[in-house]
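Undergrad: Sequence:
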Amino acid sequence: MGNDGFNRSVLVVGLGRFGCSVAQTLQSLDQDVLAVDKDPLLVARWAGTVPTVEADVTDPIAVEQLGASDFDAAVVAIGDSVEASVLVTGNLLDAGISDVWAKSVSNEHARILQRIGARHIVNAETDAGKRVGHLVTGQFLDYIEIEGEYTVVKIHTPPQVAGRTIAEAQVHDKYGVTVIGVNVPGHEFQHGTNDTLMPLGAELVLLGTQNQIDKFING
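Just so you know, we're using the UniProt record's numbering here: the sequence shown kicks off at 1 and counts up by one.
There may be inaccurate statements among the hints.
Derived lysine to any residue pairs resembling SDA-like cross-links, with alpha carbons at most 20 Å apart [said to hold, decoys possible]:
hint, residue 1, residue 2
1, Lys38, Asp56
2, Lys215, Ser28
3, Lys154, His187
4, Lys38, Gln24
5, Lys38, Gly117
6, Lys154, Asn183
7, Lys38, Leu66
DEER-style ranges, computed between Cβ atoms [as the list claims (entries may be wrong)]:
hint, residue 1, residue 2, range
8, Glu64, Arg17, 24 to 30 Å
9, Asp39, His187, 47 to 53 Å
10, Arg115, Asp56, 20 to 26 Å
11, Asn7, Ala162, 17 to 23 Å
12, Glu203, Gly67, 33 to 39 Å
These are calculated hints, taken from the structure and not from any lab test. In this text, all values refer to a predicted model and were calculated from it rather than measured experimentally. Heads up, the beta-carbon is just placed ideally off N, CA and C, and yes, glycines get one too.
All chains should be built: construct the whole structure from the sequences, respecting the hints.
TA: In structure tokens:
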């Protein structure tokens, strides 16, 4: 199922509020998502919204039957059982998914998840499912939703504007986004002005609607 960097296959385990939010966000971003839960009622409830399957992923055989090793990334959204969360995370890592995002409900839980190799630990209190869904795609280094339709994101400089200033690239006129600032590794953060250069490999902090940001990233 492996696709290019911005169209990924993602397995979401756990159809609670957080898991559903992640799965729906990934679906809205045209990612290849499969949501899994062992509760048949939850699976039936969400089946019309996202692709779902009933399975107990604490069982390695179920992981194999799901074809988990074919997925680019996985989100372990189990919050009611630390033991199940750790077992599932371990099983997915064993299946060969290196990009595992796991929700933690405590510092101790987070430490265990880190120790067994989860690459991203998601704090259940502070990280909303929608934000995590956007980050899992690999398009954004960070994603912050603000009031209304606007979001603030951090991305690497897209190739089509690399090496040009904000004015030269006509960033606002062409794409509608605002470059708040540019962060070049090893240099001080620069606020975005017309003369600010956007080098390849730099991090850009942008403000815009989702459509404007997508247009800017994809040229």
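Undergrad: Each hint needs a verdict: does it hold in this structure or not?
TA: Hints versus structure:
no. : hint                        : result
1   : Lys38 to Asp56              : holds (5 Å)
2   : Lys215 to Ser28             : holds (16 Å)
3   : Lys154 to His187            : holds (17 Å)
4   : Lys38 to Gln24              : holds (18 Å)
5   : Lys38 to Gly117             : violated (24 Å)
6   : Lys154 to Asn183            : holds (10 Å)
7   : Lys38 to Leu66              : holds (13 Å)
8   : Glu64 to Arg17: 24 to 30 Å  : holds (29 Å)
9   : Asp39 to His187: 47 to 53 Å : holds (50 Å)
10  : Arg115 to Asp56: 20 to 26 Å : holds (23 Å)
11  : Asn7 to Ala162: 17 to 23 Å  : holds (22 Å)
12  : Glu203 to Gly67: 33 to 39 Å : holds (35 Å)
The earlier numbered hint that this structure contradicts is number 5, and it is the only one.
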